[in-house]
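**Student:** Here is what each chain is made of, one letter per residue.
There are 2 protein chains.
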Amino acid sequence: MHILITNDDGYTSKGLQALIEMARGLGEITVVAPQYHQSAMSNAVSIGKLLRMVPVENPDGTPEKEIRRYYCSGTPVDCVKMALNLLFDQRKPDLLLSGINHGFNGSSAVIYSGTLAATCEGALYKIPSIAFSLNDHHADADFSASIYYGKIILEQFLKNPPQPYTYVNVNIPQGGINEIKGIRLGRFGMGAWIKEIESRTDPYGHPYYWMVGEYENLEPDDPECDHNLLAENYVTIVPHKIDNTNYPELERLKEVWKDLTRERKK
Amino acid sequence: MHILITNDDGYTSKGLQALIEMARGLGEITVVAPQYHQSAMSNAVSIGKLLRMVPVENPDGTPEKEIRRYYCSGTPVDCVKMALNLLFDQRKPDLLLSGINHGFNGSSAVIYSGTLAATCEGALYKIPSIAFSLNDHHADADFSASIYYGKIILEQFLKNPPQPYTYVNVNIPQGGINEIKGIRLGRFGMGAWIKEIESRTDPYGHPYYWMVGEYENLEPDDPECDHNLLAENYVTIVPHKIDNTNYPELERLKEVWKDLTRERKK
Numbered sequence: 001m002h003i004l005i006t007n008d009d010g011y012t013s014k015g016l017q018a019l020i021e022m023a024r025g026l027g028e029i030t031v032v033a034p035q036y037h038q039s040a041m042s043n044a045v046s047i048g049k050l051l052r053m054v055p056v057e058n059p060d061g062t063p064e065k066e067i068r069r070y071y072c073s074g075t076p077v078d079c080v081k082m083a084l085n086l087l088f089d090q091r092k093p094d095l096l097l098s099g100i101n102h103g104f105n106g107s108s109a110v111i112y113s114g115t116l117a118a119t120c121e122g123a124l125y126k127i128p129s130i131a132f133s134l135n136d137h138h139a140d141a142d143f144s145a146s147i148y149y150g151k152i153i154l155e156q157f158l159k160n161p162p163q164p165y166t167y168v169n170v171n172i173p174q175g176g177i178n179e180i181k182g183i184r185l186g187r188f189g190m191g192a193w194i195k196e197i198e199s200r201t202d203p204y205g206h207p208y209y210w211m212v213g214e215y216e217n218l219e220p221d222d223p224e225c226d227h228n229l230l231a232e233n234y235v236t237i238v239p240h241k242i243d244n245t246n247y248p249e250l251e252r253l254k255e256v257w258k259d260l261t262r263e264r265k266k
Numbered sequence: 001m002h003i004l005i006t007n008d009d010g011y012t013s014k015g016l017q018a019l020i021e022m023a024r025g026l027g028e029i030t031v032v033a034p035q036y037h038q039s040a041m042s043n044a045v046s047i048g049k050l051l052r053m054v055p056v057e058n059p060d061g062t063p064e065k066e067i068r069r070y071y072c073s074g075t076p077v078d079c080v081k082m083a084l085n086l087l088f089d090q091r092k093p094d095l096l097l098s099g100i101n102h103g104f105n106g107s108s109a110v111i112y113s114g115t116l117a118a119t120c121e122g123a124l125y126k127i128p129s130i131a132f133s134l135n136d137h138h139a140d141a142d143f144s145a146s147i148y149y150g151k152i153i154l155e156q157f158l159k160n161p162p163q164p165y166t167y168v169n170v171n172i173p174q175g176g177i178n179e180i181k182g183i184r185l186g187r188f189g190m191g192a193w194i195k196e197i198e199s200r201t202d203p204y205g206h207p208y209y210w211m212v213g214e215y216e217n218l219e220p221d222d223p224e225c226d227h228n229l230l231a232e233n234y235v236t237i238v239p240h241k242i243d244n245t246n247y248p249e250l251e252r253l254k255e256v257w258k259d260l261t262r263e264r265k266k
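Chains as they are written, first to last, in our numbering: chain A, 1 to 266; chain B, 1 to 266.
FYI, nobody ran anything at the bench for these hints, they're computed from the structure.
Please read all numbers here as calculations on a predicted model, not as lab measurements.
You may find that some hints are simply not true.
Okay, the calculated beta carbon distance ranges per label pair [unchecked claim]: (1) Pro59(B) / Gln163(A): 47 to 53 Å; (2) Ile177(A) / Arg252(B): 26 to 32 Å; (3) Tyr247(B) / Arg262(A): 18 to 24 Å; (4) Pro223(B) / Tyr215(A): 40 to 46 Å; (5) Gly205(B) / Lys159(A): 46 to 52 Å; (6) Val256(A) / Pro220(B): 46 to 52 Å; (7) Val256(A) / Lys258(B): 20 to 26 Å; (8) Pro161(B) / Glu232(A): 32 to 38 Å; (9) Gln163(B) / Trp210(A): 31 to 37 Å; (10) Ile47(A) / Thr62(B): 29 to 35 Å; (11) Pro220(B) / Asn178(A): 33 to 39 Å; (12) Pro59(B) / Tyr215(A): 52 to 58 Å; (13) Asn233(B) / Tyr215(A): 42 to 48 Å.
Stretches of chain A that chain B covers, calculated by requiring three or more beta carbons in the stretch to come under 8 Å of a beta carbon on chain B [claimed, not checked]: (14) 8-17; (15) 31-41; (16) 97-107; (17) 163-174; (18) 207-213.
One side only, chain A facing chain B, incomplete, derived with CB under 8 Å [as the list claims (entries may be wrong)]: (19) Leu87; (20) Tyr112; (21) Tyr125; (22) Ala145; (23) Ile147; (24) Lys151; (25) Leu154; (26) Asn160; (27) Leu185; (28) Phe188; (29) Met190; (30) His240; (31) Ile242; (32) Asp243; (33) Thr245; (34) Leu253.
Even for Gly, the Cβ is constructed at its ideal location relative to N, Cα and C.
From just these sequences and the hints, can you work out the full model?
**Tutor:** Here is the structure:
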């Protein structure tokens with residue numbers, strides 16, 4: 001088995017090394033991770049920008065035959081595209097893992113998440129793809145419970161992979177193995193941010209802005225929403241699909257638009 | 001009525017001006033568009049990066065009272081967040097329009113599209129949001145048919161807005177009004193790219209890469225897919241929803257995982 005690993009925090013992050021530990025022993029590993037922090041880059045692709053990909057040594061001395069490791073100058077999705085096109089030749093990885101992200105990546109945060117976008121990219125090429133995020137944004141976060149639960153989750157998905165064009169989002173609460181209540185399957189929980197822009201004035205008298213924001217849970221009472229399950233100290237698993245057509249809305253619009261879509265028919 | 005307009009090709013693009021023409025007369029207009037080309041930026045947000053937003057004059061001399069116009073140094077989603085937080089105070093725009101993109105934005109291209117991401121952001125804040133793209137990437141593309149059909153589509157959506165948390169994707173084929181067969185509602189058509197990376201060597205002997213690629217239509221026979229309808233010379237409309245949980249897969253996984261998710265229940 002060949003496993004492709006990426007993330008959005010960059011190739012030197014502690015979470016990436018934790019993900020490698022989670023996957024170690026399951027097969028050959030290829031790591032292509034961003035050169036620098038690429039959080040909130042969503043599914044961005046570097047069209048029209050020069051890209052670099054550079055091999056790097058494993059920090060723990062693991063031989064390249066077991067784990068080959070590169071950084072890429074682009075986004076998480078660039079990393080996946082570079083790996084698939086340049087390192088896998090005619091074959092494909094059997095599994096794509098992304099993370100472990102330093103910080104929660106459920107609810108509406110998935111819209112912006114580079115960690116999750118890498119798995120969307122894997123799913124587009126029909127590779128079973130799983131994203132892991134720990135609800136702790138500190139650089140020195142403790143990933144031991146993430147590795148413990150991650151191994152259980154990987155084993156299960158290797159026995160029973162997700163459906164095609166579906167990618168899997170795993171979020172792990174903070175705390176030790178015994179503080180976590182268990183694993184729950186859930187759905188995307190709607191949330192949004194308020195007070196997102198902080199205004200400042202530069203030394204030359206011109207305004208500039210920082211993206212900040214306070215998260216508002218818009219579905220606080222639904223026990224199936226990932227953010228609510230995580231708040232209850234469960235590891236959450238949500239299957240996402242690439243095709244986000246709103247099919248019920250499509251049927252409703254067909255009725256509403258029937259005169260206009262009939263016009264000028266052949 | 002107050003309309004917020006953005007795009008991903010930048011504040012000087014011809015497509016942006018065409019979208020303003022499409023919306024002119026429907027209400028007050030606020031334009032916040034990227035300073036530079038931001039194609040394929042998806043839902044990326046500039047976390048940790050300094051942002052600027054600068055007022056600019058209308059090139060055709062329209063007074064600021066009618067159309068206020070800014071460029072923003074960030075991504076299309078940054079533009080929307082900056083506009084909502086800094087320019088709309090306690091109220092919200094009644095409509096968000098994005099585009100008109102120079103180039104097709106249907107099928108799997110929606111994953112990477114900054115044009116569409118701006119409407120996703122609008123939908124997250126419950127603003128009726130519609131993206132427009134013309135299947136012509138040239139800087140001097142002819143937008144007259146886009147404006148003609150866009151006005152029909154706007155009128156219809158103002159009478160009957162899309163459901164909450166749903167954003168609308170409109171693609172217009174190349175050609176004049178009379179070459180276009182009409183309007184069709186459809187769904188996301190699956191496609192993917194091959195041969196995406198072109199390798200080169202710099203003058204110092206180091207490799208570098210460009211993102212390129214050939215599009216492969218993975219559902220060429222489904223008459224409901226947007227890329228197929230566009231190829232038949234129809235204007236296509238697809239409703240997308242923010243929540244892309246794969247609900248049938250969630251139910252399947254609940255069955256598969258029932259032993260593991262039962263463990264350690266309170």
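**Student:** Run every hint past the structure and note whether it holds.
**Tutor:** Hint by hint, here is what the structure shows:
1. At roughly 50 Å, the beta carbons of Pro59(B) and Gln163(A) sit within the given window of 47 to 53 Å.
2. Between Ile177(A) and Arg252(B) the Cβ separation comes to about 28 Å, which falls inside the hinted range of 26 to 32 Å.
3. Checking the proposed 18 to 24 Å range against Tyr247(B) and Arg262(A) shows it is violated: the Cβ atoms sit about 32 Å from each other.
4. For Pro223(B) and Tyr215(A), the hinted distance range of 40 to 46 Å is satisfied, since their beta carbons lie about 42 Å from each other.
5. Hint check: Gly205(B) to Lys159(A), Cβ distance near 47 Å, so the stated range 46 to 52 Å holds.
6. Range check, Val256(A) to Pro220(B): about 29 Å between beta-carbon atoms, so the 46 to 52 Å window is missed.
7. A beta carbon spacing of about 41 Å between Val256(A) and Lys258(B) contradicts the range 20 to 26 Å that was offered as a hint.
8. For the hinted restraint 32 to 38 Å between Pro161(B) and Glu232(A), the CB-CB distance of approximately 36 Å keeps it satisfied.
9. The hint said 31 to 37 Å for the Cβ distance between Gln163(B) and Trp210(A), and at roughly 33 Å that hint holds.
10. Between Ile47(A) and Thr62(B), the C-beta spacing of about 32 Å keeps the proposed range 29 to 35 Å intact.
11. Take Pro220(B) and Asn178(A): their Cβ atoms lie about 53 Å apart, and the range 33 to 39 Å is violated.
12. Between Pro59(B) and Tyr215(A) the C-beta distance comes to about 39 Å, which lies outside the given range of 52 to 58 Å.
13. Taking the beta carbon of each, Asn233(B) and Tyr215(A) are about 44 Å apart, inside 42 to 48 Å as hinted.
14. For the region 8-17 of chain A, the proposed coverage by chain B is not satisfied: 0 residues have a C-beta within less than 8 Å of a C-beta in that chain, short of the threshold of three.
15. With a cut-off of 8 Å between beta carbons, the region 31-41 of chain A has 4 residues touching chain B; three or more are needed, and the interface restraint holds.
16. Only when three residues or more bring their CB closer than 8 Å to a CB of chain B does the claim for the region 97-107 of chain A stand; here the count is 0, and the claim is violated.
17. With a threshold of 8 Å between beta carbons, the proposed coverage of the region 163-174 of chain A by chain B holds, since 3 of its residues qualify and at least three are required.
18. For a cut-off of 8 Å, the count of residues in the region 207-213 of chain A with a CB near a CB of chain B stands at 5, and the three-residue condition holds.
19. Using the Cβ-Cβ criterion of 8 Å, the hint placing Leu87(A) at the interface with chain B is not satisfied: the shortest such distance is roughly 10 Å.
20. The interface hint given for Tyr112(A) holds, since its Cβ lies 5 Å from the closest Cβ of chain B, which is under the 8 Å cut-off.
21. Evaluation of the Tyr125(A) hint against chain B yields a held restraint, the C-beta minimum of about 6 Å falling below 8 Å.
22. With 8 Å as the threshold, the beta carbon of Ala145(A) stays out of range of chain B, its nearest partner Cβ sitting at about 13 Å, so the hint is violated.
23. For Ile147(A), the suggested interface contact is broken, since its CB lies about 17 Å from the closest CB of chain B, more than 8 Å.
24. Checking Lys151(A) against chain B: minimum C-beta separation of about 12 Å lies over 8 Å; hint violated.
25. Contact between Leu154(A) and chain B, as hinted, is not supported at the beta carbon level, the nearest pair being about 12 Å apart and thus beyond 8 Å.
26. For Asn160(A), the suggested interface contact is upheld, since its CB lies about 5 Å from the closest CB of chain B, less than 8 Å.
27. Interface restraint check for Leu185(A): the shortest CB-CB distance to chain B comes to about 5 Å, inside 8 Å, so the restraint holds.
28. Annotation: Phe188(A) was flagged as interfacial toward chain B, and the flag holds, the nearest CB pair being 5 Å apart, inside 8 Å.
29. Nearest Cβ of chain B to the Cβ of Met190(A): about 7 Å, under the 8 Å cut. The hint holds.
30. Below 8 Å, beta-carbon pairs count as interface contacts, and His240(A) has one with chain B at about 5 Å; its hint therefore holds.
31. Interface hint at Ile242(A): satisfied, since its Cβ lies 7 Å from the closest Cβ of chain B, which is below the 8 Å cut-off.
32. About 5 Å separates the beta-carbon of Asp243(A) from the nearest beta-carbon of chain B, less than 8 Å, and the hint is met.
33. With 8 Å as the threshold, the beta carbon of Thr245(A) comes within range of chain B, its nearest partner Cβ sitting at about 4 Å, so the hint holds.
34. At its closest, the beta carbon of Leu253(A) sits 5 Å from a beta carbon of chain B; the interface hint therefore holds under the 8 Å criterion.
The structure shown violates the earlier hints numbered 3, 6, 7, 11, 12, 14, 16, 19, 22, 23, 24, 25.
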